[in-house]
Amino acid sequence: MAQTFTASELARRFELALHGDGDVRIEGVSTLARAARGQLAFLANSRYRSQLADSSAGAVVMRQEDIDDAPGTALIAKDPYTAFAKIAALFDTKPVHSPGIHASAVIDPAATISPSAHVGPFVVIGAGSTVGDGCVIGPGCVIGENCEIGAGSELIARVTLVTRVRLGQRVLIHPGAVIGADGFGLAMDAGHWIKVPQLGGVSIGDDCEIGANTTIDRGALEDTVLEEDVRLDNQIQIGHNVRIGAHTAMAGCSAAAGSARIGRYCLIGGAAGVLGHLEICDRVVITAMSLVTSSIREPGEYSSGTPLTDNRTWRKNAARFKQLDVLARRVLAADKET
Amino acid sequence: MAQTFTASELARRFELALHGDGDVRIEGVSTLARAARGQLAFLANSRYRSQLADSSAGAVVMRQEDIDDAPGTALIAKDPYTAFAKIAALFDTKPVHSPGIHASAVIDPAATISPSAHVGPFVVIGAGSTVGDGCVIGPGCVIGENCEIGAGSELIARVTLVTRVRLGQRVLIHPGAVIGADGFGLAMDAGHWIKVPQLGGVSIGDDCEIGANTTIDRGALEDTVLEEDVRLDNQIQIGHNVRIGAHTAMAGCSAAAGSARIGRYCLIGGAAGVLGHLEICDRVVITAMSLVTSSIREPGEYSSGTPLTDNRTWRKNAARFKQLDVLARRVLAADKET
Amino acid sequence: MAQTFTASELARRFELALHGDGDVRIEGVSTLARAARGQLAFLANSRYRSQLADSSAGAVVMRQEDIDDAPGTALIAKDPYTAFAKIAALFDTKPVHSPGIHASAVIDPAATISPSAHVGPFVVIGAGSTVGDGCVIGPGCVIGENCEIGAGSELIARVTLVTRVRLGQRVLIHPGAVIGADGFGLAMDAGHWIKVPQLGGVSIGDDCEIGANTTIDRGALEDTVLEEDVRLDNQIQIGHNVRIGAHTAMAGCSAAAGSARIGRYCLIGGAAGVLGHLEICDRVVITAMSLVTSSIREPGEYSSGTPLTDNRTWRKNAARFKQLDVLARRVLAADKET
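Residue numbers (my numbering), protein chains in the order written: chain G, 1 to 338; chain B, 339 to 676; chain R, 677 to 1014.
Treat the hints as calculated values from the structure; they're not laboratory data.
For clarity, every value in this text was computed on a predicted model and none was experimentally measured.
Careful, some of the hints might be misleading.
As the list claims (entries may be wrong) - Each computed BS3-like pair below joins lysine-lysine, with the alpha-carbon atoms no more than 27 Å apart:
id : chain 1 : residue 1 : chain 2 : residue 2
1  : R       : K1012     : B       : K654
2  : G       : K336      : B       : K533
3  : B       : K674      : G       : K336
4  : R       : K1012     : G       : K316
5  : R       : K770      : B       : K660
6  : R       : K770      : B       : K674
7  : B       : K674      : B       : K660
8  : G       : K316      : B       : K660
9  : R       : K770      : B       : K654
10 : B       : K660      : R       : K1012
11 : R       : K998      : R       : K1012
12 : G       : K322      : G       : K336
13 : B       : K533      : R       : K770
14 : R       : K998      : G       : K336
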């Protein structure tokens, strides 16, 4: 199945400088520590430079500045990790999905499926929905009414698009994700909750990726929006009417509550949260498990939380947190006195 | 598809006072900022009153006290948001589900399905389970043995009721939710875990709503219980034997550990957690990402956590948290001296 | 359906000392408070000893030291909870799954299914995958290419194994879990994200249990690994290349980021997080909602976070957290002066 390439072929194809023997044949990729003779590895961080000496890798992608330690063939890249990612894609064996609709799929007569799309077993597609050229709709996906799936998009398996979900081109969605469910809109009426109808949809830009079991609710009156190239990890929760700017990445278990606006090129750490109706400007980094409780207007890195310690120490310090205002007042008062 | 109504028709139907031209024809709803002439908008918060002047909305639901700024027709409500929610429901276009069982569904002969229920494609229903009048069981749902689904309930798609799950009437469950899986009960036996059998079930009251990918485990010996009108957002985790009081709402990613008891009319913020075996009384509000570590006996609002700051400031303060007890002792000692 | 046993039969079968009438007939299990005459209950914690007097239980599993308060028949165990768990398993009524493949299942010709395995409705199994003896693959499961499911394993329903997932023997997976999705590997290239191919797999040891809607990504170059007897609750997120040691248990909503290594016999609390590339040694306990931000080399219990208080108090203290470093400097400076 797997193709092989010489180091010179890779250098040419990815426009990298070649150092050493270009005839080395590469048939796969691995880590520096575990690579065999026929495998390509990479060194992205000079801190691990000492691993070069012991590596059996056939070739290594690295920076020019680390070249003196290269044990053999090297491919020189400004960003070795990115170059390695591109080369590694050559060795990724993906299942082939031939065009056509599986006999078991239930497609509404008012849905439109491109002849070049693949629709797997046990898929359901509702009225008014369209599946574009070259799409892959994996087994068990449920696509409700009035959804639109742009060309080249792939829903791996068991993905649900509830209703009024529009995907751009080349969108990739992992299993268990639910896009377009009702936003959590409630109003209290004489001691009982009533549901606020969720009349909007979800709009997902080109080249977005959405992780396993992630949920993105549809908007109340307008749409929930992900601009292009947004990358969401697993188990992320995006409330209704949230807007996420292009090229922003969110790590696993993070969440954005209703109507939050997150800028472009932001990085939201794992299990971090953004409260509703806030705005975060472009190029903001939120560290893991931090909670954003007011708008952020300056790019930069932001955090909340306390450091981990042994439980006994933590108990003592945490108890003092309850007195923090009182203690601070005393310190400030004492300061004044002196 | 959509019906239209005059402002006076809406006023009559929802028992609201009418201000201005009652013949304005309303064919949909929107926000103040984006509403067109044929649309209804609302003003719930007087802070946004200035938006009234620029709105093209055909009519606006508002409080009596904001009426002076009404640019045209107004419908007067004590709680404009609730009134708007009720009116908006008129314009919600939901797929029609005709009664009957899809040919592909696999129904155990010992299950009972009401003739007025809709059972979609690729549904599985096990022995001893019953589906009540007018229920909608969407595509890909799996209902195990001995479950009971009350009249008018709807499982949108790909919902799992594992076993011994009883739903009241008009329960709404969003895709990916898993109700009635084994509670997480383990006992250590000679260095290996053994499973504590989970012999209870789950009981969900009338008018509950359960969000996408939310999980509610069944009880160990007794049931896990949600009383009526409990509203759970997406990705919430409810451990075995938890009991949640009527009309309580929990926001996305929150969790309650085994045997916790949460009162009535509580609001649990996003990603907040409640430890096991605690009790929270009625009318308690927990703010986002707070952790409840002991029982709460007084209604009110409760919080934990630290504020978000830029990472550099945070690092300095967080480091000091580790010294908090030592610092407090010095402050208190210094106080004594003076 | 249910078998019944006398107290002496149970004593013999589970090697427990019998106290009182051995002829009492037991037909089920319950709590001390609710047990009826034909039911067995347990007392694990002497704190609840006062409940013994009022219990109608036919027999009670308890420690020797509590025997004076036994109201009737008792079974004496060193660890009553573990003994009770074993006995309770006798009364667990599980659906019977007969061997064979449901007519609706879609099995690739290049997959191998043991004749003693049960494959339910709407299951999809891809090329190169094998299902071992006595396995149960419940309704709606999707198993991709090149997966291996060890003998006696059970996937309850709607479980996805994406690709290159190897399960040991007797692995139990609850509904909605997604194992083997792409790890979250991204590299920035000229302002756009490119995907780092995820060429590894997932390896799950014997006797592991994986909760509902939990996600475990496959590795980038090597495998993500759970050693034997690891127990994961619901909605846990395990990043690519994580390694979890044998007999470790993680509570609901916890997470481990890419390449984290967690030791053996660890207990990770609910909603706790472990950052990527860290190591946690054996026998570490992390309390709920704590964040592990550096490696842990000593066994013990660790925590982070602040205590819950009423919101007003919390606001005052949290505001002071922002000044903590400044306050600490003043305290330390004042100390020096005196």
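Results for each hint:
The suggested pairing of R/K1012 with B/K654 holds, with an alpha-carbon distance near 21 Å, which does not exceed 27 Å. Restraint check for G/K336 and B/K533: not satisfied, since their Cα atoms lie roughly 62 Å apart, outside the 27 Å limit. Restraint check for B/K674 and G/K336: the C-alpha separation of about 17 Å stays at or below 27 Å, so the hint holds. A C-alpha spacing of about 24 Å is found between R/K1012 and G/K316, which places the hinted pair at or below 27 Å, so the restraint holds.
With a C-alpha separation of about 50 Å, the suggested pairing of R/K770 with B/K660 is violated against the 27 Å cut-off. About 67 Å separates the Cα atoms of R/K770 and B/K674, which puts this hinted pair outside 27 Å; it is violated. Under the criterion of a C-alpha separation no larger than 27 Å, the hint pairing B/K674 with B/K660 is consistent with the structure, at around 24 Å. Taken as a hint, the G/K316 and B/K660 pair is honoured in the structure, with Cα atoms around 9 Å apart against an allowance of 27 Å.
Taken as a hint, the R/K770 and B/K654 pair is broken in the structure, with Cα atoms around 55 Å apart against an allowance of 27 Å. A distance of roughly 20 Å separates the Cα atoms of B/K660 and R/K1012; the hinted pair therefore holds under the 27 Å criterion. Restraint check for R/K998 and R/K1012: the C-alpha separation of about 24 Å stays at or below 27 Å, so the hint holds. Restraint check for G/K322 and G/K336: the C-alpha separation of about 24 Å stays at or below 27 Å, so the hint holds.
Of the pairs offered as hints, the one joining B/K533 and R/K770 holds, with about 14 Å between alpha carbons and a cut-off of 27 Å not exceeded. With a C-alpha separation of about 20 Å, the suggested pair R/K998 and G/K336 falls inside the 27 Å cut-off, and the hint holds.
Checked against the numbered hints above, the structure violates hints 2, 5, 6, 9; every other hint is satisfied.
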